[in-house]
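If you read the protein sequences in the order shown, they are chains V and W.
Note that the first sequence covers residues 1 to 116 in UniProt numbering.
Note that the second sequence covers residues 1 to 393 in UniProt numbering.
It should be emphasised that the hints constitute simulated quantities derived from the structure, not laboratory data.
Because the structure is a prediction, the values reported are computed rather than measured.
You may find that some hints are simply not true.
Heads up, simulated DMTMM-like pairs for lysine to aspartate or glutamate below, C-alpha to C-alpha not over 25 Å straight-line [unchecked claim]:
id	chain 1	residue 1	chain 2	residue 2
1	V	Lys79	W	Asp319
2	V	Lys79	W	Asp58
3	W	Lys47	W	Asp197
A few chain V positions that, by computed beta-carbon distances, are all more than 12 Å from chain W [said to hold, decoys possible]:
id	residue
4	Ala3
5	Asp49
6	Leu52
7	Leu61
Just so it is clear, CB atoms sit at the ideal spot from N, CA and C, and this is done for glycine as well.
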Amino acid sequence: MFAVCRVEELPPGESIRFTADVAVAVFNADGEFYAVDDTCTHQDASLSDGFLEGCFVECPLHAAFFDLRTGAPTCLPAKRPVRTHPVTVDNDVVYVHVEPHGQVPQEAGREQEEVA
Amino acid sequence: MRTVTVVGTSLAGFSAAQQLRAQGFDGRLVMVGAEVHLPYDRPPLSKGFLTGKTSRADLALGEQSDYDELEAEWVLGDPAVQLRPSSAGVELLSGEHIGTDGIVVATGATARSLPGVDELAGVHTLRTLDDAVALHDELSSGRPRVVVIGAGFIGAEITSSCLDLGLDVTLVEAAPLPLERALGSTMAQACADLHRDHRVDVRFGVGVEELHGAFGHVTGVRLSSGEVLPADVVVTGVGVQPNTAWLANTGLGLNDGVLCDAGGVTDLPNIVAVGDVARCYRPDLDRTIRIEHWATANGQPRVAVGNLLAGSVVEHHTDVPYFWSDQYGVRIQFAGTVHPDDDVRIVDGAVEDRRFLAHYERQGQPVGVLAFNTPRAFGRARRQLTRPSLIVT
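So that you can see chain V by itself, here it is in the shape it has in the complex:
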């Protein structure tokens, strides 16, 4: 668990980057905090430099969008999801619980597909 910053240091629409096992980007998307691996799955672009639109971040190089909730890309060229990490706020401090490396986040909707 990493204490990243104080809540007031990360206002809505902003992002911050810190280094865990790899670089991790933390976003404040309209009051909700999200953390994902900072490097775009396609090439080396830093997602913390990307434009934030709702809970989607745009890769600053390719303009592919990643869903911060699932890490899944919404269009070409990114193929694989980025890792997501749970974020908690305690006493006005933003904490990121970095997932062990190699764990792939669950794809949204997969469970439903399997049931259907």
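Could you slot chain W onto chain V? The hints should help.
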């Protein structure tokens, strides 16, 4: 429409295939590619792939799951040689004839080479994966002396990659200031300074007279100044030519690309064109433009495929041209259009620091934005550029 054939299997073609399925086309989808490879990404070819940082597997645009979802028939290594509008089909080099109802033209472009140098070994262009493999092999055997001809973005990236490989490289450019037309003189100078920062041997404002060779291999480049640059490897980056030969005499308008309306539809309503090969009318500019950028190849298919499936133009291309270039550790990004007399203003950072954001303005209106190493500010500025108004008929 029961069958749609996408001719061209690079980014634009692959994106078109994905859009066809995403927009509900559930008929037969045929993918025709001149290259034997499944779709791969070209930008790394002049950068990480040359230096060995990016592997061949990293270049793949799709994964198995993508191909499973597309359910397409892939005809690779067999280029289209003739469109047959009368029999609604595409004829391939092998003689195969593909009957089809709709066509997406995504045949891209071919790198221009210097006239009369095809016979010399050691002379390269860089466009395809095979080109990159061949160039990479030569650059990494021994310590070849390299001459790069053409100081556009490709030439600059190749030069930068050669430096990373520890090679001696000379960069030759006919124009006194490279990229002046693409970026205007102030910003072109900022790009030219990158070469000087890294003490690259440059010859600007000098043409190439001829290549020297011995025993079938290049040995040097003779310049219009009379100087002869010794060379073991020569790479030319002097632009591309859209691949339209297979569309000749079909009634489709051709003029440095396939002529399309504002929605990417050609003169025939069941044929659309996307990417490097497409020359589309832009109402906002009141002229046709052909855009060779990655982002255009990636983005145009959504609109063009929508119009193909609708059978009429329901949406226009409205994207602002955007490209990036990585060289000498600097990420250059540009969006918009440039006229030589646009005003350029640095709004953040400083050119000397190789870290800045510049705005281009025409009659007080923002028309372009250029960034060196400021991706975050660039992303915001790019969105503020005026987009042409959407016209739906």
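Structure-based check of each hint:
no., hint, in the structure
1, V:Lys79 <-> W:Asp319, "holds, 22 Å"
2, V:Lys79 <-> W:Asp58, "holds, 11 Å"
3, W:Lys47 <-> W:Asp197, "holds, 19 Å"
4, Ala3, "holds, 24 Å"
5, Asp49, "violated, 4 Å"
6, Leu52, "violated, 10 Å"
7, Leu61, "violated, 6 Å"
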